[in-house]
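2 protein chains.
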Amino acid sequence: MNEYRTRLEAARRVMDAQGVDALCLSVGSDLPYLTGYRAMPLERVTMLIVPREGSAHLVVPGLEAPRVSVPDNAFEVVGWAELDDPIATIDGYLGEAETVAIGDETWARFVLELQHAGPSRSYVGASDLMAELRMVKSPAEIDALRRAARTVDTVVDEMADVRFSGRTERSISRELIERTTSLGHDTMDFWIVASGPNGASPHHEPGDRVIERGDAVVVDFGGTQDGYCSDTTRMFVVGEAPYGFDAAYDVLREAQACAVDAVRPGVTAGSIDSVARDMITEAGYGDLFIHRLGHGIGMDTHEHPYIIEGNGQVLEAGMAFSIEPGIYSPGEWGMRIEDIVVVTPQGVERLNTSDRAYRVVD
Amino acid sequence: MNEYRTRLEAARRVMDAQGVDALCLSVGSDLPYLTGYRAMPLERVTMLIVPREGSAHLVVPGLEAPRVSVPDNAFEVVGWAELDDPIATIDGYLGEAETVAIGDETWARFVLELQHAGPSRSYVGASDLMAELRMVKSPAEIDALRRAARTVDTVVDEMADVRFSGRTERSISRELIERTTSLGHDTMDFWIVASGPNGASPHHEPGDRVIERGDAVVVDFGGTQDGYCSDTTRMFVVGEAPYGFDAAYDVLREAQACAVDAVRPGVTAGSIDSVARDMITEAGYGDLFIHRLGHGIGMDTHEHPYIIEGNGQVLEAGMAFSIEPGIYSPGEWGMRIEDIVVVTPQGVERLNTSDRAYRVVD
Numbered sequence: 000m001n002e003y004r005t006r007l008e009a010a011r012r013v014m015d016a017q018g019v020d021a022l023c024l025s026v027g028s029d030l031p032y033l034t035g036y037r038a039m040p041l042e043r044v045t046m047l048i049v050p051r052e053g054s055a056h057l058v059v060p061g062l063e064a065p066r067v068s069v070p071d072n073a074f075e076v077v078g079w080a081e082l083d084d085p086i087a088t089i090d091g092y093l094g095e096a097e098t099v100a101i102g103d104e105t106w107a108r109f110v111l112e113l114q115h116a117g118p119s120r121s122y123v124g125a126s127d128l129m130a131e132l133r134m135v136k137s138p139a140e141i142d143a144l145r146r147a148a149r150t151v152d153t154v155v156d157e158m159a160d161v162r163f164s165g166r167t168e169r170s171i172s173r174e175l176i177e178r179t180t181s182l183g184h185d186t187m188d189f190w191i192v193a194s195g196p197n198g199a200s201p202h203h204e205p206g207d208r209v210i211e212r213g214d215a216v217v218v219d220f221g222g223t224q225d226g227y228c229s230d231t232t233r234m235f236v237v238g239e240a241p242y243g244f245d246a247a248y249d250v251l252r253e254a255q256a257c258a259v260d261a262v263r264p265g266v267t268a269g270s271i272d273s274v275a276r277d278m279i280t281e282a283g284y285g286d287l288f289i290h291r292l293g294h295g296i297g298m299d300t301h302e303h304p305y306i307i308e309g310n311g312q313v314l315e316a317g318m319a320f321s322i323e324p325g326i327y328s329p330g331e332w333g334m335r336i337e338d339i340v341v342v343t344p345q346g347v348e349r350l351n352t353s354d355r356a357y358r359v360v361d
Numbered sequence: 000m001n002e003y004r005t006r007l008e009a010a011r012r013v014m015d016a017q018g019v020d021a022l023c024l025s026v027g028s029d030l031p032y033l034t035g036y037r038a039m040p041l042e043r044v045t046m047l048i049v050p051r052e053g054s055a056h057l058v059v060p061g062l063e064a065p066r067v068s069v070p071d072n073a074f075e076v077v078g079w080a081e082l083d084d085p086i087a088t089i090d091g092y093l094g095e096a097e098t099v100a101i102g103d104e105t106w107a108r109f110v111l112e113l114q115h116a117g118p119s120r121s122y123v124g125a126s127d128l129m130a131e132l133r134m135v136k137s138p139a140e141i142d143a144l145r146r147a148a149r150t151v152d153t154v155v156d157e158m159a160d161v162r163f164s165g166r167t168e169r170s171i172s173r174e175l176i177e178r179t180t181s182l183g184h185d186t187m188d189f190w191i192v193a194s195g196p197n198g199a200s201p202h203h204e205p206g207d208r209v210i211e212r213g214d215a216v217v218v219d220f221g222g223t224q225d226g227y228c229s230d231t232t233r234m235f236v237v238g239e240a241p242y243g244f245d246a247a248y249d250v251l252r253e254a255q256a257c258a259v260d261a262v263r264p265g266v267t268a269g270s271i272d273s274v275a276r277d278m279i280t281e282a283g284y285g286d287l288f289i290h291r292l293g294h295g296i297g298m299d300t301h302e303h304p305y306i307i308e309g310n311g312q313v314l315e316a317g318m319a320f321s322i323e324p325g326i327y328s329p330g331e332w333g334m335r336i337e338d339i340v341v342v343t344p345q346g347v348e349r350l351n352t353s354d355r356a357y358r359v360v361d
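Those protein sequences? They're chains A and B, same order as listed. One point on numbering: in numbering that gives the first Met the number 0, the residue at position 204 of the first sequence is 203, and numbering is uninterrupted. One point on numbering: in numbering that gives the first Met the number 0, the residue at position 54 of the second sequence is 53, and numbering is uninterrupted.
Think of the hints as simulated: they come from the structure by calculation, not from any bench. Misleading hints may appear alongside valid ones.
[As the list claims (entries may be wrong)] Simulated DEER-style distance windows between Cβ atoms:
no., chain 1, residue 1, chain 2, residue 2, range
1, B, E348, A, D71, 49 to 57 Å
2, A, D225, B, R51, 42 to 50 Å
3, A, D188, B, D160, 31 to 39 Å
4, A, G213, B, R66, 22 to 30 Å
5, A, G94, B, N1, 46 to 54 Å
6, B, Y242, A, A159, 34 to 42 Å
7, B, N1, A, D361, 40 to 48 Å
8, B, E348, A, G213, 50 to 58 Å
9, A, D361, B, S137, 42 to 50 Å
10, A, R51, B, R66, 41 to 49 Å
11, A, G311, B, S137, 50 to 58 Å
12, B, S137, A, V76, 35 to 43 Å
13, A, D225, B, Q17, 42 to 50 Å
14, B, T352, A, P329, 28 to 36 Å
[Claimed, not checked] Covered by chain A, per the in silico footprint, the following chain B stretches (three or more residues, Cβ under 8 Å):
no., stretch
15, 61-75
16, 101-107
17, 115-125
18, 199-205
19, 287-293
[Claimed, not checked] A partial selection of chain A residues facing chain B, derived with a Cβ cut-off under 8 Å:
no., residue
20, R37
21, L41
22, E42
23, G61
24, L62
25, E81
26, E104
27, T105
28, W106
29, A107
30, R108
31, Y122
32, P201
33, I289
34, H301
Even for Gly, the Cβ is constructed at its ideal location relative to N, Cα and C.
Make a model of the complete structure from these sequences and hints.
Have a look at this one:
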């Protein structure tokens, strides 16, 4: 059976289990996951309506309709003209649905308009429903993630031969972008280059700071290749590491390795966070590890499962996520090591395999 | 007074007039318009809460907080840690607010969570409120739009010397992107290259079709420069125009010119649409003009006011929008001419000034 038909049927089974009568998806990756079509983020609404039984309909602006291809008659396309009321059309396809799950990234405007059009319906978030479908990747999806990971690993290796000192963070980030897209990424999604004290801000935006000898530089970047995302972090040290860096780095590297080794089916996402956090805390750096351990990855850079304290989600083979502990010493330096891993029936596969030692550069 | 303080005060005046107790803004351009800060589209929520009286608060993920700069103490930054409940924090800042306006592009997930946290509040869309603020541009904003328009005009002129025949649409679109970014655009937002029969689909995605002699090619592209958007469409004809093209083009060009000339303070947006539509209809092409005449432009490519039949919005000096009639002959060709214009106290200024005759290329 066609992949999208299979996914739509799986969606209906989850709807059944969760007591959801209809599923509404708009912008974001949920829609292309189920249909192959990505909606433009526009004031003209696009919405897929999947009832628990009966046909699914994709309501799209007439101007976009020619861009939709329908795999194996999996759904019907309904184009709306400029003077139509698409909200009334969508509400019509919802029929007798009482509980309607709506995609996470749908614009507030359309949620409010739908609630107004059908005040007796109960709208709920589609997060759990879509996570149930998207969290466990197919072999083809894992292969796409593997290819994306290989690209950024190659870039990391190339960057080890690049001169850092005397250049701005922005210049290094531009080089990252160029190398990654020329090696096959379709888009870049983020490109963090955080040097010296800037490294202590995990999401630092590369700026005009000139990198100098003695800087530790956090390089964290990723993008999309054939629809699936990459995300890796490696450390670069210009000449010599700053005071206190090496001792912390040994702890970080060991914690990252142990967290990866702990990944296998049947354990919780939260328990993996604890493995790294406990080791970093015992070494005295606990207060400097200020974020969760990781996040799921697939068609989105951040998706379920989130590797965070208290998350009782049980890991299953096929789940893919980052393991990225960090230690941030304000005013001095920051460090993070990040790999994407996939849960296998036996344990774990690292998709990023570039050297995790920090690279000493000029 | 600081620009952002001025805008926040203007927002409070409109809230007062519209009976809105609090304004909540997240992803999209509304937030940077009021604060200078653009939220990352993330599962970690960012939200500005502006009560009608009292301080505004920007609730942001702790990891993003270092990236926020606060102009003139216009608002307070509240970072939330990984295990906090930011929805409870936001709901707390809403205090006694009964009617809460929420930004158009806010993720559905957060709207539903806020409704759940404060079920007695009434959430409404912030479209009208923000349109009231953003529709009339300041001289500095118009200048930014003018600079962005100048860039794409230059690219159009350059493209007139480029060979089209024998190349794919995708190849031409890549060249458009390179030229536009190298001339100063920070990002490209869209790049339509629609050749021959593909031109009949207004939002055609450039593909593998090889352009040949006798093709008319719709080139419609735009991006962002210093935070403000460009958007222009010009026609390129390879060698000789296809059958029926020239007669229709004369009508289109005249209709576009007359619609622009009709722009002035005091007339409605809908009346401008009618000027072009009536002329095209009288010439017998009415059924082939299948979209509205235009859209507002500013920090977003598409914003208020929409130049569409029935829109009673009265034009005021400082409003900026596209005038882009098109004629689409299915299976044959398509054509569109698009300029960004600004309403002036006396009438209208065209920001795009490149030649509107179609360019004959090899």
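Against the structure, the hints:
For E348 (chain B) paired with D71 (chain A), a C-beta distance near 52 Å keeps the hint of 49 to 57 Å intact. About 49 Å separates the C-beta atoms of D225 (chain A) and R51 (chain B), a value consistent with the hinted range of 42 to 50 Å. A beta carbon spacing of about 35 Å between D188 (chain A) and D160 (chain B) agrees with the range 31 to 39 Å that was offered as a hint. Evaluation of the 22 to 30 Å hint for G213 (chain A) and R66 (chain B) yields a pass: the beta carbon distance comes to about 25 Å.
Distance hint for G94 (chain A) and N1 (chain B): a CB-CB separation of about 52 Å, consistent with the stated range 46 to 54 Å. Range check, Y242 (chain B) to A159 (chain A): Cβ separation about 60 Å, and the 34 to 42 Å hint is violated. A hinted range of 40 to 48 Å holds for the C-beta pair N1 (chain B) and D361 (chain A), which are about 43 Å apart. E348 (chain B) and G213 (chain A) have their C-beta atoms about 54 Å apart, which keeps the hinted 50 to 58 Å range intact.
With their beta carbons about 47 Å apart, D361 (chain A) and S137 (chain B) fall inside the hinted range of 42 to 50 Å. At roughly 43 Å, the beta carbons of R51 (chain A) and R66 (chain B) sit within the given window of 41 to 49 Å. Between G311 (chain A) and S137 (chain B) the CB atoms are about 51 Å apart, so this pair conforms to the stated range of 50 to 58 Å. At roughly 42 Å, the beta carbons of S137 (chain B) and V76 (chain A) sit within the given window of 35 to 43 Å.
Roughly 46 Å separates the CB atoms of D225 (chain A) and Q17 (chain B), a value that falls within the hinted 42 to 50 Å. Checking the proposed 28 to 36 Å range against T352 (chain B) and P329 (chain A) shows it is violated: the Cβ atoms sit about 51 Å from each other. Judged by the Cβ-Cβ criterion of 8 Å, the stretch 61-75 of chain B is covered by chain A as claimed, because 5 of its residues qualify and three suffice. Counting residues of the stretch 101-107 of chain B whose C-beta lies closer than 8 Å to any C-beta of chain A gives 7; at least three are required, and the coverage claim holds.
Check result for the stretch 115-125 of chain B against chain A: holds, 3 residues qualifying (beta carbon to beta carbon below 8 Å, three or more required). Look at the stretch 199-205 of chain B against chain A: 5 of its residues bring a Cβ nearer than 8 Å to a Cβ of that chain, three or more, so the hint holds. Coverage of the stretch 287-293 of chain B by chain A holds. Counting CB-CB distances below 8 Å, 3 residues qualify, and the rule asks for three or more. Hint on R37 (chain A) is violated. Least Cβ distance to chain B is approximately 11 Å, over the 8 Å limit.
The beta carbon of L41 (chain A) comes within 6 Å of a beta carbon in chain B, closer than 8 Å, and the hint placing it at the interface holds. Annotation: interface hint on E42 (chain A) holds; nearest CB of chain B at approximately 5 Å, less than 8 Å. Against a cut-off of 8 Å between C-beta atoms, the interface hint on G61 (chain A) holds, since the closest Cβ of chain B lies about 7 Å away. Annotation: L62 (chain A) was flagged as interfacial toward chain B, and the flag holds, the nearest CB pair being 5 Å apart, inside 8 Å.
Proximity of E81 (chain A) to chain B holds as hinted, the smallest CB-CB distance being about 5 Å (cut-off 8 Å). Checking E104 (chain A) against chain B by beta carbon gives a least distance of about 5 Å; that is within 8 Å, so the hint holds. Of the supplied interface hints, the one on T105 (chain A) holds, with its beta-carbon coming within about 4 Å of a beta-carbon of chain B, less than 8 Å. Here the hint on W106 (chain A) is kept, as its CB sits about 5 Å from the closest CB of chain B, short of 8 Å.
Because the beta carbon of A107 (chain A) sits about 4 Å from the nearest beta carbon in chain B, less than 8 Å, this interface hint is met. Contact between R108 (chain A) and chain B, as hinted, is supported at the beta carbon level, the nearest pair being about 4 Å apart and thus within 8 Å. Interface hint at Y122 (chain A): satisfied, since its Cβ lies 6 Å from the closest Cβ of chain B, which is below the 8 Å cut-off. The beta carbon of P201 (chain A) comes within 5 Å of a beta carbon in chain B, closer than 8 Å, and the hint placing it at the interface holds.
For I289 (chain A), the suggested interface contact is upheld, since its CB lies about 7 Å from the closest CB of chain B, less than 8 Å. A distance limit of 8 Å between C-beta atoms decides the matter here; for H301 (chain A) the minimum to chain B is near 5 Å, and the interface restraint holds.
In this structure, the hints that do not hold are numbers 6, 14, 20, in rising order.
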